Amino acid sequence: MIRFIASRIGFAALVLVMLSGFVFTLFFVAPGDPARIVAGERATEAQVAQVRENLGLDRPIIEQYFSFVGRSLSGDLGYSYRNQQPVLELIKNRMPATISLCVGAVVLWLLMGIPIGIMSARRPGSLVDRLGQGFVLIGVSFPSFVLGMAALYFLYFVPRQAGFTLFPPGGFRPFLPNPGLWAWHLMLPWFTLALTSAAIYARLTRGQLLEVLGEDYIRTARAKGLSERKVVYKHGVRSIFSPLTTQLGADIAALLGGALVTEQVFGLQGIGSLAVQSVQTQDRPVIIGVVMLAGFFIVIANLIVDFLYILLDPRIRT
Amino acid sequence: MTVLSVRNLNIDLPSGDGHVHAARDVSFDVEAEELFGIAGESGSGKSVLSQAIMGLLPGAIISGEILFEGRNLLDLPPREMQRLRGNRIAMISQDPLSGLHPFYTVGAQITEAIRTHRKVSEAEALQEAVDILGRVGIHDPDKRVHDYPHQFSGGMRQRVMIAMAIVLRPALLIADEPTTALDVTVQAQIISLLNQMRRELGTAIIMVTHDLELLSSIADHAMVMYAGNRMELGPGEAVLTAPAHPYTLGLLRSSPNHESRGALPSIPGQPPSLLIEQKACAFAPRCAAAMDICHKERPPLRNFADGTRSLCWLEDKASNTAAALPAIPEEPPAVAQSSDIVVKVSDVRLTYGGRSLFGKSINLDVLKGVSLELPRGKTLGIVGESGCGKSTLARIIAGLLPPTSGDVTIEGQSVLGLERHDWVEMRKRVQMVFQDPFGSLNPRRRVGSIIGDPFRIQKVAHGAARKNKVRELMEIVGLNPEHYNRFPSEFSGGQRQRIGIARALALNPSIIIFDEPVSALDVSIQAQILNLIARLQRELGLSYLFISHDLAVVRHVSSEILVMKAGQVVERGETEALYHHPQHPYTRELLAAADPHYRKSGGGLADPQSSGATP
Amino acid sequence: MSSEIKQRGSLELTLRRLLADRAGLVAMLFIIALVAAAIGADGIAALTGHGPTAQFLDVGLTPTGLPVPPSGEFLFGTDQLGRDVLVRLAHGARISLSIGVVASLLAAMIGVTIGLVAGYFGGWVDVVLGRLMDLVMSIPVLLCMLSLVAVFGPSLPLSLSVIVFFSWTTMGRVIRGQVLSLKEREFVLASRSMGAGHLSIMFTDILPNLGAPIIIYTTMMVPTSIIFEATLSFLGLGIVPPAPSWGGMLAEAANNSIYMFAWWLVLFPGLALLFTTLSFNILGDALRDALDPASMRNKLQKKKKKPSVGTAS
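First to last, the protein sequences are chains A, B and C.
Under my numbering, read the first sequence as residues 1 to 318, first letter to last.
Under my numbering, read the second sequence as residues 1 to 615, first letter to last.
Under my numbering, read the third sequence as residues 1 to 313, first letter to last.
What the hints contain is simulated information worked out from the structure, not anything from laboratory work.
It should be emphasised that the depicted structure is a prediction, and the values quoted were computed from it without experimental measurement.
Each residue gets a CB set at the ideal place from its N, CA and C atoms; glycine is no exception.
Wrong hints could be hidden among the right ones.
Covered stretches of chain C, as calculated for chain A (at least 3 residues, CB under 8 angstroms) [to be verified]:
(1) 59-73
(2) 180-187
(3) 274-283
Facing chain B, a subset of chain C residues (Cβ under 7 angstroms, in silico) [what the hints assert, rightly or not]:
(4) Ala20
(5) Asp21
(6) Ala190
(7) Met194
(8) Asn209
Using 25 angstroms as the maximum straight-line C-alpha spacing, the simulated DSS-like pairs for lysine-lysine come out as follows [to be verified]:
(9) B/Lys344 x B/Lys428
(10) A/Lys230 x B/Lys119
(11) B/Lys296 x B/Lys279
(12) B/Lys428 x C/Lys183
(13) B/Lys459 x C/Lys183
Model the full assembly from the supplied sequences, consistent with the hints where possible.
Put into structure tokens, the structure is as follows:
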């Protein structure tokens, strides 16, 4: 088990190194002269040289990389070109919206996907199963931004034309002081972000559970005289937690991408929309900061998932 | 007192291809405390029958009656049935590896069974679990009750399964192939444990198995099934010694236990498809004593004086009917043999080195110095239980795996350290036949190309010449050369093994290594393949290395036997000498375990041999 | 026995089973129609007389400068610049389909190769390649794309490479898993014992057994790639306007929420996108059912059939 944990932590470190290397290479090494970009188009040669020295761009690449990583780790992500605010500050301000969106969406897709998958697997071929399969098909086929736009049109615009407000057009309200308002504003984004994953989880749950329900130990459980409910939930569903956890770990990276799109559609002032705006304004420090921070989150989340995995499977634990 | 009474049971299983008629008009009674055996080859409907009794066949169309303690189980509402399951009728399944839930401790699984049916506290249930684990022979039950299934060895897991099944003192225990997945010596322990438990707890046991001899030696009553029909039913001893049905007789005679030498009287052909409704005797097409009427009408049930009943048109017992005996194939004279050594293995060792996380080196010795010699035209049998290193040895001899030290020579040439070109050349001299007739043939390739593979890989015989050779080979092993273009899935298990043998013959090898070639086959088919192997040796003067866990099979084919245990040869000798005068205690243990009469007495083997923990 | 035989190998039976699947058939017809529209996009443009980037500021916009709804002249209406939505949709189909198909094929090739090598050789090769797949899967794709676009600017080759780079892992994993179990099968050992080399084993023994998963997962990758491309274009990271792409059209519709008043700007590209991905997904399911009858859907039947080993002897 110690080996397993060690290898996972090592892997997490590797992800961070690769990601920082990628960002570093992309922005500091590859095209053009970063000092010129930072100093601006109209800067004099002397100013550019000054910037180069300030940024340490005249030092060896490896040294630059380590100082870049060191600065990133200490929370110094630099300053935005656009308004000279510290990048960390900018990201912090955007954090609540993104975290609210992501956590809510994960909860929603688990609550939707797993039960649908279980119901499907309990009676394969039944009407419930076919409805579940239909849900899966639509879910995996619906591009989330199209879904978001459709949701806005039908649940915000159409009711408003009719004279009442069902859902707000978008925007983010902080959790406090009014959690109700917070949830109301996030309802459509949550659903938009969760649908595809809910479908994937329903499919995974169904497939895994069907396989488990064909196992010998399930027959043993039935032979013990357990009720069908206990057989399915205590013995069957218990076994699919591990593959679901693995999937969750793999989905964290994709979740950030989904959040980015959703924030864009619903005009949520989150990290994703910050990144998109920064690309449009060529605000590189912000992009770098967002990518590094996202990488850090993914790594942490993956580690949590790995520990969960160990907790769930006694065969690794003992 | 009759615990279970099955009356005219018919079971149809709907499938994609139509209804599978898994049981036809089956009736039997199980008395309290008796051991009732159901024997049959795969597809005979024996397992379906046991699941039908448990009420675990959703979707099946079942008619007839299953009377348990006076109530017809088929009429019981699901909730009532659920109350009986585990409580009054318990079940243990074939594979103890997959029969226990991997994520719950054995204690949790046993207490769950207890608390499902009885209102007791968790602590009381746990105490009962500890007690029962102790009774089935688990050491330190109060500690091990908190272990997970993967921390037990296979035999120990089966003991846990038994403990869980009998903890509520059921009136009936259904054991579906309870020992098939276990090693021979462990099998004997489990059987005697079951025997002991039924006496102590007064539980009737229905034991389902493919091993007729094992069954009839321990069962009070034995039932033989074939293609969903109850062919014969009678006292265990009577079924074994004086079989009434030609099928039973054929099964017993085709087992290598009886004929120690020479060709086995095998049952020709294969079992019928269960998709077709049977109108006559299901066995008639394969029966040596079949009469006209057998092919036309369903046979009557005959009662004999010793309590045996047989579903057959023969008026007398098959064992008294000369025609019923399966024919013994003729033996052509053997070709002249020279006595040079084909394979010589000297002090072969294999160690998997490794280093644990804390720098301690852990070495796993798979082979600890094995030597052997195989003279031309002879068969050397290697027998041992799983994990003894016999298959590894085979791969080393075949040159597929380099040993850590030692040498292997084939016809005087070392197989080790060869250049790629010489290594490929060497392949022509050593060929292998594998255990799994499903796994050893590529499902996506046609039989013609599979048998032609050696020619393709070794770049000999092209085009029409290759095709002709393949057809020739197919004929030699008893396959229809017209089936050249078929896929492996279109053949039965026995035929697939013939394909594997044909492929091994293709390059005229000096030696063929058989790695458990018949252990996946039913007895009647096994005999056919063993006969083929023997015939080819006589006709072609081949040298064989024959590896098996089954002492009876090895004894039948080998002139010399090597007994392996834990990577070492513990005993070697001429077959008959070794069989009759075993020197090593392990050989004696193996012999005892393979001998049904020894098993019945159950002497000396009830104690577990090891603590059973897997590291 | 007979039925089990034909399930394998026989192309004819697979096709027949595929054609018997009504949903699969409809999906296939839709895909064929879409391909026809993409190929004939110029024809449609010529027929309507509207170029894909031509702005009809006079007839294509209302006097107040708003897009006009579907009419005889513009079957699917016009967009905010007075361009014909139908013509742009047909041209967008080219982008979506070609990116979807090309990216899936490339990703499939990479995935199969890496999965095959990792699974077949095992050991440290497998560890390294397995870790590589883990690594790729734990990279935030869109953020990487964002950074790349920030440096290199959006372009079609960039989109394509990113899509390929991030989508081969699924195939890689599936193939690796299959190869891991296939190479333990005794027919591989048999070939090896006859002297077959690694390449011969990989190509004649293992690869033919991977046909079903390769076809199924490649098909399933097409809709994912299409959505991926559309999402990139929607975020302004993909196809550069004014070249027509579905994602780009939807992005323009979302801009200033113009689609609230011109629903056709979302409805037609949205539906085109949805129906395309839906069709490929349905086709993928149908292919799986036809090629791999033992898969999930038939699990129940298989379970019931299990005791009837009547054909095996």
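For this session: Could you tell me which of the hints above the structure violates, numbers in ascending order?
Result: Numbers 1, 2, 4, 5 - these are the hints that the structure violates, sorted from lowest upward.
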